[in-house]
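Visitor: For the sequence shown, the positions run -34 to -1, 1 to 326 when mature numbering (1 follows the signal peptide of the UniProt record, and there is no 0) is used.
In short, the hints are calculated from the structure, not lab data.
Among the clues, some could well be false.
Calculated lysine-lysine pairs in the DSS-like style (CA-CA distance at most 27 Å, straight line) [what the hints assert, rightly or not]:
hint: 1; residue 1: Lys100; residue 2: Lys119
hint: 2; residue 1: Lys260; residue 2: Lys316
hint: 3; residue 1: Lys157; residue 2: Lys100
hint: 4; residue 1: Lys119; residue 2: Lys157
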Amino acid sequence: MLRALRNHGRLGRLCAVLTASAGLLTLQTAPALATPDTAEASGVDAQAPARTPLKDLTDNYVGSAVAASALVNENDYRSVLTDEFSSVTAENAMKWSVLEPNRGQYDWSGADAIMDYARQHGKSVRGHTLVWHKQHPGWLNDLSASELRSAVKNHITTVVNRYEGEIRAWDVVNEVFNSDGTRRDSIFQRKLGDGWIADAFRWAHQADPSAKLYINDYNTGWVNDKSNAIYDLVRSLRQQGVPVHGVGFQTHLSIDYSFPGGFQSNLQRFADLGVDVAITEADVRMTLPVTDSKLTTQADYYERLWNACEAVSRCVEFTTWGYTDRHSWVPNTFDGQGAACLFDESLNPKPAYNRINPTA
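Can you make the complete structure from the sequences, with help from the hints?
Guide: Spelled out as structure tokens, the structure:
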């Protein structure tokens, strides 16, 4: 069951918005909410009751991955994002290859634009991601083991320091295991050995002791070799005093496959380790074309994800990997598939949104 609306959570977010409004405005201002006069002129039913935004349905963070270009250039996209979500994740702008394509030469433009938006609108930020086997700059490949270690430490320290105190949570390491539970054969694993993950968490914590630090991965929603490997690693690292604070479950799902069995109990077993858990990149794709039946199944999957997070006290976040089909990564990655988000390309809420939100 959905949690009841909590006035305390809404007041806290309102205070954050009022505080953030004192910041310098660097992006275009979102369009004003419709008045009865403007609503009539635009064909909107001024008498229709407004739905409660997703962010006000729960005390948890409700987020979406975002692209800086869409924030800057699309007023309607930014307006819906602002109304519905309390948290944002940089889809690509904080990845290493984007921030430091050439050694020592940083491009902060996209990341700073997202941070500016978050400050202006009182949004929490999830940092994604510090170390990943993909989207890292090519110059890393030419480094010796000692040089790579220094580069990783410098990268983590530089990025986390820049936004110290402003980013709520960081995906410190991303997708470090294979499906069979073995360590992924990344450049970091090959050259730095098993200890590199612990080092990455320690360096991130030193750079910002206030940030929550996560390990993040996909296909981990049920008990399997990969989720067991992550479980064992997190337990071991915490026993060693390594500052691992949370586990992120990407939950990129498809209605062509069954919903992950035991999803809620799997979240709970990680929470029982004493860490927070978060749904970090949720979407539910389908084979096109879209049909009413497929949308109904998609709605079932989203509802089950949402309800599972609500049922686990240490599940603190429900973030989707983009909220609109207009900017979804799915069609470019999975041939013939798409329509994976809560809103369609015209920013209309889909049955999945309506299933989560009883006020819609």
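Visitor: Evaluate each hint against the coordinates.
Guide: Hints, verified against the model:
1. For the suggested pair Lys100 and Lys119, the alpha carbons sit about 18 Å apart, so the restraint of at most 27 Å is met.
2. With a C-alpha separation of about 12 Å, the suggested pair Lys260 and Lys316 falls inside the 27 Å cut-off, and the hint holds.
3. Under the criterion of a C-alpha separation no larger than 27 Å, the hint pairing Lys157 with Lys100 is consistent with the structure, at around 16 Å.
4. At roughly 14 Å between alpha-carbon atoms, Lys119 and Lys157 fall within 27 Å of each other, so this suggested pair holds.
Violated hints are absent here; each numbered hint is respected by the structure.
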